[in-house]
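**Student:** With the hints as constraints, model all of the structure from the sequences given.
Protein chains in written order, with the numbering used here: chain C, 150 to 299; chain S, 235 to 545; chain Y, 223 to 393.
Since the hints were derived computationally from the structure, they do not count as laboratory data. You may find that some hints are simply not true.
Unchecked claim - When the alpha-carbon atoms are kept at most 27 Å apart in a straight line, the in silico BS3-like pairs for lysine-lysine are as follows:
hint	chain 1	residue 1	chain 2	residue 2
1	Y	K338	Y	K249
2	C	K277	C	K287
3	Y	K363	Y	K338
4	Y	K309	Y	K363
5	C	K287	S	K265
6	C	K277	C	K294
7	S	K497	S	K265
8	C	K159	S	K497
9	C	K277	S	K265
Unchecked claim - Below, a sample of chain Y positions facing chain C; criterion: calculated Cβ distance under 8 Å:
hint	residue
10	P343
11	P345
12	D352
13	H367
The beta carbon of each residue, even a glycine, is placed where N, CA and C say it ideally should be.
Chain by chain, the residues:
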Amino acid sequence: MNWKVWGLSKSPWVYHVNTGACNNCDIEILDCLTPRFDIERFGMLLVPSPRHADALLVTGGVTRQARPRLQEVYRQTAKPCIVLCVGACACSMGIFADCYHMAGPPDKVIREVDPSAIIAYVPGCPPKPEAIIAGAVKGLQAACKLLSQG
Amino acid sequence: MMNLGAMIGVLLVAFAGTLVLGLAMKWVDRKVTAMVQWRVGPPWYQPIADVAKLLGKETIVPQNARRTGFLLAPVVGFAAVAVAAAILWGANLNPRASFVGDLIVVLYLLTIPSLAVVVGGAASSNPHGAVGASREMKLILSYELPLVLAMVPAMIAGGWTLRLGDIMTTPSPSVWTSAAMALGFVVCLLCVQAKLGLVPFDMAEAETEIMGGAYVEYSGAPLAVIYLTRAMMLAVMPILLVTVLWGGFHFDTVGGAIASVLKYVLVIVVTVLVRNTNPRVRIDHAMKFFWFGLTPLAVLAVVLALVGSTP
Amino acid sequence: MNRDQLVKQIDNDLGSKVADVFRRNAKRVYLTVEPENSLAVNRYLFEHGGRLATATGVDCRDWIEVCYHYCFDPLNVVVTVKTRAYKPACELDSVATVFPGANFIEREIQDLLGAKFLNHPDPRRLILADDWPEGVYPLRKDYHHEAHVNTGRAVSPDHGRARVLSALRRG
Chain C
150 MNWKVWGLSK
160 SPWVYHVNTG
170 ACNNCDIEIL
180 DCLTPRFDIE
190 RFGMLLVPSP
200 RHADALLVTG
210 GVTRQARPRL
220 QEVYRQTAKP
230 CIVLCVGACA
240 CSMGIFADCY
250 HMAGPPDKVI
260 REVDPSAIIA
270 YVPGCPPKPE
280 AIIAGAVKGL
290 QAACKLLSQG
Chain S
235 MMNLGAMIGV
245 LLVAFAGTLV
255 LGLAMKWVDR
265 KVTAMVQWRV
275 GPPWYQPIAD
285 VAKLLGKETI
295 VPQNARRTGF
305 LLAPVVGFAA
315 VAVAAAILWG
325 ANLNPRASFV
335 GDLIVVLYLL
345 TIPSLAVVVG
355 GAASSNPHGA
365 VGASREMKLI
375 LSYELPLVLA
385 MVPAMIAGGW
395 TLRLGDIMTT
405 PSPSVWTSAA
415 MALGFVVCLL
425 CVQAKLGLVP
435 FDMAEAETEI
445 MGGAYVEYSG
455 APLAVIYLTR
465 AMMLAVMPIL
475 LVTVLWGGFH
485 FDTVGGAIAS
495 VLKYVLVIVV
505 TVLVRNTNPR
515 VRIDHAMKFF
525 WFGLTPLAVL
535 AVVLALVGST
545 P
Chain Y
223 MNRDQLVKQI
233 DNDLGSKVAD
243 VFRRNAKRVY
253 LTVEPENSLA
263 VNRYLFEHGG
273 RLATATGVDC
283 RDWIEVCYHY
293 CFDPLNVVVT
303 VKTRAYKPAC
313 ELDSVATVFP
323 GANFIEREIQ
333 DLLGAKFLNH
343 PDPRRLILAD
353 DWPEGVYPLR
363 KDYHHEAHVN
373 TGRAVSPDHG
383 RARVLSALRR
393 G
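**Tutor:** Below, the structure written as structure tokens:
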């Protein structure tokens, strides 16, 4: 793989977007940063701005109010980037699937602005930090393979 | 006086060397932080991977941003650090070749990266950027004075000189024996912490608070340039500190070389430890600290140096 | 003072304002109150040591029942005031005029159930989306989910206010 893709695989900076989660998945993401799981050894840093990010960690199903905002955040992220849907609600709206306030799962919302977005799913309610790390690794491997192919 | 080819050669060698040193020191920073927090840190090539990745991302300029200022500011800051690094390395490796006033030139050049942060943040057309730029401006106004004042004892001890070469070669009281030099060193160390934008004085880039502050809209190659500028500042500021206030780097003897490396590493480690054990302060607290805390101490150091130099 | 003494004191002071008292168990009392007396009863309970824990609402067929729950912590008693907002007007006096703690919960009941609180100091929408249509109350029993388009506003394709300068990733 060329050096840009190598850089992306070794240094994925993540930005966390909560689009209507109950915060359980957010707590588990925070756990990943703690010394026990320590994702910084993979080069993952939590960055303050979506423009700096390579991976968007989306938690929660997208509420009606959050839908244009999530799309705006995705457009602001510098490509190439991957989207990691963390939690059952982010994968498929979870138990809120038929609720009046839901506008869709994040992957449907993001594919409205970018049909070729690279999206990885981490199911669980909430997923364990090990599962989040495994999902991030798989997502990055898939992204690097796609980007290497052109 | 060197010819143009030699000057460009020196510039390139110093630039490359400081770049490598800066990336290595960035790794040291992250590794020591990880060790303090009982973690395993990133591998040694992490800063290189960061820069490679940033160069591979797209560059986005917000539509309402001032495009020229936004894109030029990081480059200007980067260039300023490179030239300052070249002057410092030249003075350390060849003290006879330093010119009168090169300390002033180095201090002047090293303010430019901070001003570039202000310009870049203000040109971002983002309220977070404006807040970050205003904080950085206030911080510059606060720490520049004690930084310069704290170097005056070294200038006095070097024989009332402004040449880095004289400061290094004149036998002067060392930081362990002279109160003025020790006080100046401590004041300068804290000002360096603010200049590097490290906790407790990183409110211009407050990650958790204002979404990256002045850097919020940068992405891709400009962000890589900013990253490299900060890495080079992390390498250059301790070099300046050791050169002026702690006797400089002497690579002619083995003992001198080991002592130089140890001095440098000690300054870096102290900086990183201060960064890991303190919370971020508010901008008005920082201004009060610098104006009413460090500036009087720096003035005291100057007075002590004056008293000590006129027996 | 225990639950019975508290109820006797309420009876003495409020008398006819309380339509019905139901003692469920040693810790719970339900006071049924007509809508015109609800403000007076709420004010009384608040001024005599009750802490408004929350307020709840139910859509009964002809009225919306709003319950205010007051905790009397030293006595270990919870007193609930049940009032009705009769349809179609669904109006009640706002308790937020008495104490500001009821401000947000009344706005929430107003958004989701459509009970109007008169003289509320800040009757703006609280938790429904900005572009949610007026007059549609999701927690009412006659709210039809399928008939209501739920996708809301999307960002338009040319909404982006940024220019992508360099395409290093394409190069």
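**Student:** For each hint, tell me whether it holds in the structure or not.
**Tutor:** Cross-check of the supplied hints:
no.: 1; hint: Y:K338 / Y:K249; in the structure: 31 Å, violated
no.: 2; hint: C:K277 / C:K287; in the structure: 15 Å, holds
no.: 3; hint: Y:K363 / Y:K338; in the structure: 17 Å, holds
no.: 4; hint: Y:K309 / Y:K363; in the structure: 13 Å, holds
no.: 5; hint: C:K287 / S:K265; in the structure: 26 Å, holds
no.: 6; hint: C:K277 / C:K294; in the structure: 26 Å, holds
no.: 7; hint: S:K497 / S:K265; in the structure: 19 Å, holds
no.: 8; hint: C:K159 / S:K497; in the structure: 32 Å, violated
no.: 9; hint: C:K277 / S:K265; in the structure: 26 Å, holds
no.: 10; hint: P343; in the structure: 24 Å, violated
no.: 11; hint: P345; in the structure: 19 Å, violated
no.: 12; hint: D352; in the structure: 6 Å, holds
no.: 13; hint: H367; in the structure: 6 Å, holds
Hint check: violations occur at hints 1, 8, 10 and 11; the rest are consistent with the structure.
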